[in-house]
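Chains as they are written, first to last, in this note's numbering: chain E, 1 to 105; chain V, 1001 to 1101; chain G, 2001 to 2154.
Heads up, a few of these hints could be off.
Computed far set for chain E versus chain G, every beta-carbon distance over 10 Å [said to hold, decoys possible]:
hint, residue
1, 27
2, 45
3, 56
4, 62
5, 65
6, 70
7, 72
8, 88
9, 92
10, 95
11, 99
12, 105
Beta-carbon label-pair distances, calculated as ranges [claimed, not checked]:
hint, chain 1, residue 1, chain 2, residue 2, range
13, G, 2070, E, 40, 31 to 39 Å
14, G, 2029, E, 56, 45 to 53 Å
15, G, 2070, E, 58, 25 to 33 Å
16, G, 2058, E, 51, 41 to 49 Å
If you are wondering where the hints come from, they were derived from the structure by calculation, not from laboratory data.
Positions of the beta carbon are idealized from the N, C-alpha and C atoms, including for glycine.
In case you want the letters, here they are:
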Amino acid sequence: MMLQKIAGSLFIAVMLGACTHSVHLVHAGGFIKGLGSGTRIEHTEEQKVYMGFVFDNEYVDRGYQSFQKMCEGGTIHGVVTRFSTSHGFLHWINKVRYEGLCVKS
Amino acid sequence: MKMLRGFMLTCLGFTLTQCVSLRSISVTQIPKERSKIVTAEVKKFVFLAFNFDNDYVDAVTEELRSQCQGGTVTGILTKHSRTEYFIAHHEIVSAQGYCVR
Amino acid sequence: MHFSLKRAFFKQLAVKISQVGVFSLLSSCAILHHAQVSDIDDDKKFKRIAFDVKVNESGFSLDEALRLSKGFTSSKQARDDLEQVRLILALSNMGPQTGNPTFNDTYADQILSAILKECPSGNVTEVKSIREMRKYPVISGEIVKITGYCLVPN
Chain E
1 MMLQKIAGSL FIAVMLGACT HSVHLVHAGG FIKGLGSGTR IEHTEEQKVY MGFVFDNEYV
61 DRGYQSFQKM CEGGTIHGVV TRFSTSHGFL HWINKVRYEG LCVKS
Chain V
1001 MKMLRGFMLT CLGFTLTQCV SLRSISVTQI PKERSKIVTA EVKKFVFLAF NFDNDYVDAV
1061 TEELRSQCQG GTVTGILTKH SRTEYFIAHH EIVSAQGYCV R
Chain G
2001 MHFSLKRAFF KQLAVKISQV GVFSLLSSCA ILHHAQVSDI DDDKKFKRIA FDVKVNESGF
2061 SLDEALRLSK GFTSSKQARD DLEQVRLILA LSNMGPQTGN PTFNDTYADQ ILSAILKECP
2121 SGNVTEVKSI REMRKYPVIS GEIVKITGYC LVPN
């Protein structure tokens, strides 16, 4: 009976996991006057965290570099940054999303 | 029993140390010319929760400006993170950008 | 005996109603989480047209709902079960939270499109990014608001 209860609880926990999210902040800015709207580019970088054990924030810089690679030789303006977390069973995923306008001239 | 509890608490203390959490990020316009990178970082050690001002953050812009005299710093990635210790934490604000002349 | 039972029931009901009243009075607050401002361009050759873009998503606090249900339940068994459900939910939705959790994280992804719709030229200045929540009992409105000015030549 006890074993059944534990198995049931674990099943519910796993089934309910990773269904909620939390958007911590959205930042918009860096528009340059007269540059135009260009091409829209977007990149998301993630970091999986188990039980809260995390020792760096490297994914933010990694995402920043990858985002820039999408517009080599161009200017990125109108950058919108979103930082959010997707919750899960004994773990969570931190996400950083960069979106901007790439103008190559 | 008392010893075991002490041991458990010490283990918990160690496991809770040095966990990093991100508080906020932002990016400004990224220039075409990205050869000169400028970086700045400021830290503040906060014991328990005793923090009476956040003036240390002001030094970030000063540091960036000093590395790009006569130029413009753009493409600034600003990160505010926190490193947790057992009963204290470090507030860290770091910025990375490009110097355009 | 019957009369005293009835009296106890109504007394308990009155206490619960007053608890809900106090709770409701304290709720429906606007809570600010983050506010950021971008560059300000005050070029007099341009006319400034204000715009604002707002997106929101319903937030839901399962924890608060279960705590409320626990308060309304008199059976010890039911309270224990609710506590167990609360624990399971806490374990299956671990992670940092700003405001109440939502069921999707893409609700703010159309911000840039919305800004460009308001200002197709992309000549935007003084952008204020606000992350706030409108809190009610159990539910909330998780809001991202962007305000700014579109620069149009005079």
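Consistency of the no-contact label for residue 99 of chain E, given chain G and a CB cut of 10 Å: violated (5 Å)
Assertion that residue 72 of chain E lies outside the chain G interface [Cβ separation over 10 Å]: Non-interface label stands for residue 72 of chain E: nearest chain G Cβ at 20 Å, farther than 10 Å.
Minimum Cβ-Cβ distance from residue 88 of chain E to chain G exceeds 10 Å: violated (7 Å)
Outcome for the supplied range 31 to 39 Å, where the beta carbon pair is residue 2070 of chain G and residue 40 of chain E: violated (48 Å)
Non-interface claim for residue 27 of chain E, where every Cβ of chain G lies beyond 10 Å: Label violated. Min Cβ-Cβ 5 Å, cutoff 10 Å.
Cβ separation check - residue 56 of chain E to all of chain G, threshold 10 Å: holds (16 Å)
10 Å Cβ clearance of residue 105 of chain E from chain G: holds (14 Å)
Whether the CB-CB distance between residue 2058 of chain G and residue 51 of chain E falls inside 41 to 49 Å: violated (29 Å)
Consistency of beta-carbon spacing, residue 58 of chain E to residue 2070 of chain G, with hint 25 to 33 Å: About 42 Å separates the Cβ atoms of residue 2070 of chain G and residue 58 of chain E, which means 25 to 33 Å is violated.
Nearest-CB test (10 Å) between chain G and residue 45 of chain E: Per Cβ check, residue 45 of chain E is outside 10 Å of chain G; nearest 14 Å; holds.
Outcome of range test on Cβ distance (residue 2029 of chain G, residue 56 of chain E; 45 to 53 Å): violated (36 Å)
Distance rule for residue 62 of chain E, whose beta carbon must clear each one in chain G by more than 10 Å: It holds; residue 62 of chain E is separated from chain G by about 19 Å at its closest Cβ, greater than 10 Å.
Of the numbered hints given earlier, the model fails hints 1, 8, 9, 10, 11, 13, 14, 15 and 16; all others are met.
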